[in-house]
Amino acid sequence: MRIGKKRSDKRLYLFLILPSVTILFLTIGYPLINGIFLGFHYYRLTDPARGIVLNGLQNFRMLLFGNRIFWISLYRTFLYCIGSTGVSFFFGFLIALLLYGPIRNRSLFRSLFLLPWVIPSTVVALLWLWIFNPQYGILNFLLKDLGLINQFQSWLINPSLAMPSVILATSWKYFPFFMLMLLAGLETIPKELFEASTIDGATFFQRLRYVILPSLKEIIIIVTILEIIWEFQNFTIIWILTKGGPVYQTTTMGIQIYRTAFRNYDMGMGAAMGSLSLIAMLIFSLTYIKALKFGEGD
Amino acid sequence: MSHYRTIRFVSGTVQYIVIILLLAAVMFPIIWMVSTSFKEHHDLFETPPRWIPRNPTTSAYQRIFISRAGAGGVNFLTYFKNSLIVCSATVLFCILLAIFSGYALSRFHRRGRKSLFTVILMTQMFPLPMFLITFYIMFMRLKLLNTYTGLIIAYTSFSLPFCIWMIKGFFDKIPVELEEAALVDGCSRMSALWRVVIPLVSPGIVAIGIFAFLSAWDEFMFALTLMSQDAMRTLPPGIVLSFVGEFDVRWEDMMAASVVATLPVLVVFLLLQKYLVEGLTAGAVKG
Amino acid sequence: MKINRLLIVVVIVMMVVFSLSALSTAQTKVSFYSWMAAEVTSGGISVLQEAERKFEEMHPDIDIETVPLPYEETPDQLAIMIAAGNPPDITTVDVIWLEQLAAMGGLEPLSGYFSEELLQDLFPSSLDLGRAQGEQYALVWNDNPNLLCYNKVLMEKAGFNPDQPPQTMDDFNQAIAAISGLGDDILGIELNLSKDSFSADYLHPWLWNFGAEVFDQEGNVILNNAAGVEAIEWVNSLVKNKYMDPGLYIREIRVIFAQEKLGFMLEGPWIRGILRGLNPRQEEFDKDWALAPIPKGPAIPDDVPYGYSNPSSHMLVLAKDSPSKEAAWQYMEFLISDPEITKTYYQDTGLMPTRISLLNDPIYKDDPFVRQVLNQTEYMKKPLGWGPRWGRVGEIVMAAVQEVVLMGRDVQSTLDEAARQIKIELSM
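If you're matching them up, the sequences are chains A, B and C in order.
Following my numbering, the numbering of the first sequence begins with 1 at its first residue and continues without gaps.
Following my numbering, the numbering of the second sequence begins with 1 at its first residue and continues without gaps.
Following my numbering, the numbering of the third sequence begins with 1 at its first residue and continues without gaps.
To be clear, the hints were calculated from the coordinates, so they are not data collected in a lab.
Don't take each hint at face value.
What the hints assert, rightly or not - The list that follows gives simulated cross-link-like pairs (lysine-lysine, DSS-like), each with its CA atoms no further than 27 Å apart:
| hint | chain 1 | residue 1 | chain 2 | residue 2 |
| --- | --- | --- | --- | --- |
| 1 | C | K261 | C | K287 |
| 2 | B | K81 | C | K29 |
| 3 | C | K325 | B | K143 |
| 4 | A | K243 | C | K240 |
| 5 | C | K54 | C | K29 |
| 6 | B | K274 | A | K191 |
| 7 | A | K217 | B | K173 |
| 8 | B | K173 | A | K191 |
Could you put the whole structure together from the sequences, leaning on the hints where they help?
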């Protein structure tokens, strides 16, 4: 009796897969189609007399060539995604390497390092808002005591510090994800590989380059791409911390779409921006996957 | 244990010190959160701030649990209850649907793990703010605004693709021969799935459960929009809406609420973390 | 068979979830969304709870549901609910959002609801603020101008008479400089320069003082004319001279004022409740600060005694789709009319009633605080730019101001670019 060959199997397959497909179509497919459709329309909540009118590529032309806000927010989104993924990857990997081995209290350390990840985003954002407070926030006092800054900084309002501050808060929440995944990856590397490299007298960095990174390549690609996409969507942390300010320093796509649609009540433009950001994300992630040659031989 | 030593790039003591330093950097916001939650409002603004409150008080906790409420009389426990209901139901549906489709995909498309991953990735890429208005209108027509059902449906569909991908990794590892043997023994397909396969993927089920729970516990924007009645709000919007007014922010109340909002996930997570690790890596790591 | 059993489980689970979410009652329900119910410090919560209780005793058939919704989330959430045709029965709105909300068509025109007695009992200016798109859409709850809020103790320390606040821009600039000189941690003035469009509204008294506006009467963008540049240069000079920290927004500004480290800020009458909540001395702190009219700038006509204030009145609006408009209107009228409730509201928050008959009560009449606010109310005007798209325009203006004060950009070219952006935006 072979599974997957019979006709009744086909029916079973449909029975198993249909509920998920239905719910996904209703809650992801339909809103997506609706959103793309809306992008080709004039639809302002403040203009109900005109209602929803087809206006072709008008919205897209405005975004791409009219005002600079689309390009600014695209650039800011990439800074934010790359920045927060990079920082959390670096610390996640570093801590994974440190914790890989016979350390005393290893599982206690691992649990403590994981803590930020389970804290809800709203809480993370509010907590950092309080930490970054220019007058009473603990960060200013801490850094001044350590001699790292001379005077108090307005972390979220100084144009050159706002993006790094937002990235810091985001990375604090997400580095444990990398730590967890990379630690699990490290543990699957066969001992023999390490033993062989020890006999060769390889230095740590040689081992990192020739043993660890190649073994972890696939998992690194998967976690970084997932993280980039999740950060691309991240709205809560930035919205609570800066609402996209100062000027446009932390205005990412998600923030700008929300502002356009729900602060300026321009649904058509917001939807068009959503479609463009989707295209941008698709191009970026497919290039990333291609460039790293993920999925060869499958 | 020998290969462990070989991966070290610094001596044991240095390694330990680096870990402790990093840990201090990671933990200070959490300690600050807890410390703030035990302060009086006026003590928040003293300079320099104290790590240990001058007059430790639980008044913030008392306010959020007992007297503190919106004018409608809803308190923090209601938000907590709502979050628990929505998150548990989301977990249930995610598990159920993910088992069904993960199994189907695994048994009927044994190959294509990576193309499935690409599809999953795409479902995660859609800009959610763009969905908000469609969701609102759709849910209003279906009379799902201000109901648990509405939010549960939304959260289930956001987590589902990733859950399917994770659980498929588990199903892929289980040899078809096991099921085929059960079929030969006279089991039906469903009972073979139920009795033979499901027990083997139980770590995966726990993993997707945690993932779905964490994501649902975290979500803010849809909860804010789809639940406009105070009595139906979940924790994230509840905290933001109750403690951030036009005029001021009650940091100590907010931090107390934050501590309480974090505790249940923390407990769930610490108890079950090894399954989540296994689940996340089953999909990603070759196995 | 086994498949069926599974199906049954799924159905049962779904039914349980559905039944959990069912809710129903027989009374007339009226939902009331207000940020005043989200405020602890400002004292709004307890009064609104009391109002709800009292009204429900008087009208047992009506069930009021008061929902706290923060100020910042109100315009977005209300827009979503209006767009979907499901707004709350009553909402508290800031007058600055009224044009946009009215344009959405979700608000009930109120002309038919006002009784003759009520019309006689309101100032014409209050009624006018409730008009948008040529229709009466809102009932003014509290008629709030913005005033100069100053610290009397710091004024005195800096060598000025604490009971004679600055009347002209020259006096004002001197006082700011002198107060800033009192210490490293003392700031002369704080203006809220956040990116939100309400900050653009708060900028208007200073724009007007220099004769600037975002738009002229015909709707042309004139922000970048000589007067506009002068006004923004003035704001920038406050930052350059370190009289002002542009890194503080409204909440932090209020905290440092309550800490007695700030000379001047622009605030409305609500500030009393807030400062009592923020300063450990609570009501004692009242005597250390005062509200004063906006200092008069060179561009203000001679027959006007002060600078003009922008309105930030709190209003009540009724939803067009509300199933219980009569009951909702009764509650709106109750909120602005009940002598006890409005009195407690005034005492707790500093926000005074709008009904003339109520204001005749000695508690208001003999209070210099009220006098001061009412004086400024006479010299309050709407920014010319108000309209359905003011939100986006305000954001562009504030982004330009931030580029100047935070990034040190040139004022003229930054305002030119902002004017260009506004034109592009409005051409669509």
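Each hint tested on the structure:
About 16 Å separates the Cα atoms of K261(C) and K287(C), which keeps this hinted pair within 27 Å; it holds. Restraint check: the Cα-Cα separation between K81(B) and K29(C) comes to about 24 Å, which is no more than 27 Å; the hinted pair holds. In summary, the hint linking K325(C) to K143(B) is supported, as the alpha carbons are separated by about 21 Å, within the 27 Å threshold. The suggested pairing of K243(A) with K240(C) holds, with an alpha-carbon distance near 25 Å, which does not exceed 27 Å.
Pair hint K54(C) plus K29(C) holds up; C-alpha atoms about 16 Å apart against a cutoff of 27 Å. The hinted pair formed by K274(B) and K191(A) meets the criterion: a straight-line CA distance of about 22 Å does not exceed 27 Å. Distance hint between K217(A) and K173(B) is fulfilled; the C-alpha atoms sit about 21 Å from each other, no more than 27 Å. For the hint pairing K173(B) with K191(A), the CA-to-CA distance comes to about 22 Å; that is within 27 Å, so the pair holds.
Every hint from the earlier list agrees with this structure, and none is contradicted.
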